[in-house]
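J.: Order-wise, the sequence lines are chains A and B. Position one of the first sequence corresponds to residue 1 (this note's numbering), numbered consecutively onward. Position one of the second sequence corresponds to residue 115 (this note's numbering), numbered consecutively onward.
To be clear, the hints were calculated from the coordinates, so they are not data collected in a lab. The beta-carbon is built from N, C-alpha and C at its ideal position, and this holds for glycine as well. Careful, some of the hints might be misleading.
What the hints assert, rightly or not - With a cut-off of at most 20 angstroms between alpha-carbon atoms, the simulated SDA-like pairs for lysine to any residue come out as follows: (1) B:K117 / A:P102; (2) A:K57 / B:T213; (3) A:K9 / B:H154; (4) B:K166 / A:P102; (5) B:K117 / A:G40; (6) B:K211 / A:R68; (7) A:K44 / B:R219.
What the hints assert, rightly or not - Cβ-to-Cβ under 7 angstroms is the rule here; a few derived chain B residues that face chain A: (8) G157; (9) P158; (10) Y160; (11) H191; (12) K211; (13) G215; (14) G216.
Said to hold, decoys possible - Distance windows between CB atoms, simulated: (15) A:G16 / B:R130: 44 to 54 angstroms; (16) A:G3 / B:H154: 10 to 20 angstroms; (17) A:A82 / B:K166: 39 to 49 angstroms; (18) B:S139 / A:Q96: 20 to 30 angstroms.
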Amino acid sequence: NAGVTQTPKFRILKIGQSMTLQCTQDMNHNYMYWYRQDPGMGLKLIYYSVGAGITDKGEVPNGYNVSRSTTEDFPLRLELAAPSQTSVYFCASIQQGRGNQPQHFGDGTRLSIL
Amino acid sequence: DAKTTQPTSMDCAEGRAANLPCNHSTISGNEYVYWYRQIHSQGPQYIIHGLKNNETNEMASLIITEDRKSSTLILPHATLRDTAVYYCIVREAAGNKLTFGGGTRVLVKP
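Turn these sequences into a full structure, and let the hints steer you where they fit.
T.: Written out as structure tokens, the structure is:
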């Protein structure tokens, strides 16, 4: 099993550019999450989804958009990149409804906005 | 806001047990205690979780106090590869989100 796969691993953007961070999981998990982690800090929740077609805001959603058209994929879009969005982005998934399952995390996308 | 309090950092000698404390004094009856670690900016790795009883797996042991207001993660024989940031998190079994605090930066020294 690949688990949670994020692409790209690294990216440099110019201010004002847009891009989509990809996340896919092959565990048939219903819940998926996007977090960002600034240097030396813990993870902050951006958006999450409880199933295909359903998304909701987390703690720091401004400047981002998400969609969940399939169970497997949960892309995160930056429309107008700003320096404050320089961070490491982690995607995670979990199968809710099967007891106390832990979240599975991807290896992250390191994004720099210059 | 994070519901847990952890020391910022701690050192541990290689081969010795590492005891990582966590306070969660506002934990509610249906919230579990989860531990994750993050090695050198990789994705967080699940370690262990528990509700009331002490738990043990191949990675660690989790000791939860009787009043559930605090817990301790024990790495029985720390190795250099255990150097990481360790996060203690409380979450409902049916909860949607994990809230990460600052974690404890553990440095295992030879």
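J.: So, for every hint listed, does it hold in this structure?
T.: Here's how the hints hold up against the structure:
no. : hint                               : in the structure
1   : B:K117 / A:P102                    : holds (18 angstroms)
2   : A:K57 / B:T213                     : holds (14 angstroms)
3   : A:K9 / B:H154                      : holds (15 angstroms)
4   : B:K166 / A:P102                    : holds (17 angstroms)
5   : B:K117 / A:G40                     : holds (19 angstroms)
6   : B:K211 / A:R68                     : holds (17 angstroms)
7   : A:K44 / B:R219                     : holds (18 angstroms)
8   : G157                               : holds (3 angstroms)
9   : P158                               : holds (5 angstroms)
10  : Y160                               : holds (4 angstroms)
11  : H191                               : violated (23 angstroms)
12  : K211                               : holds (6 angstroms)
13  : G215                               : holds (5 angstroms)
14  : G216                               : holds (5 angstroms)
15  : A:G16 / B:R130: 44 to 54 angstroms : holds (52 angstroms)
16  : A:G3 / B:H154: 10 to 20 angstroms  : holds (19 angstroms)
17  : A:A82 / B:K166: 39 to 49 angstroms : holds (45 angstroms)
18  : B:S139 / A:Q96: 20 to 30 angstroms : holds (27 angstroms)
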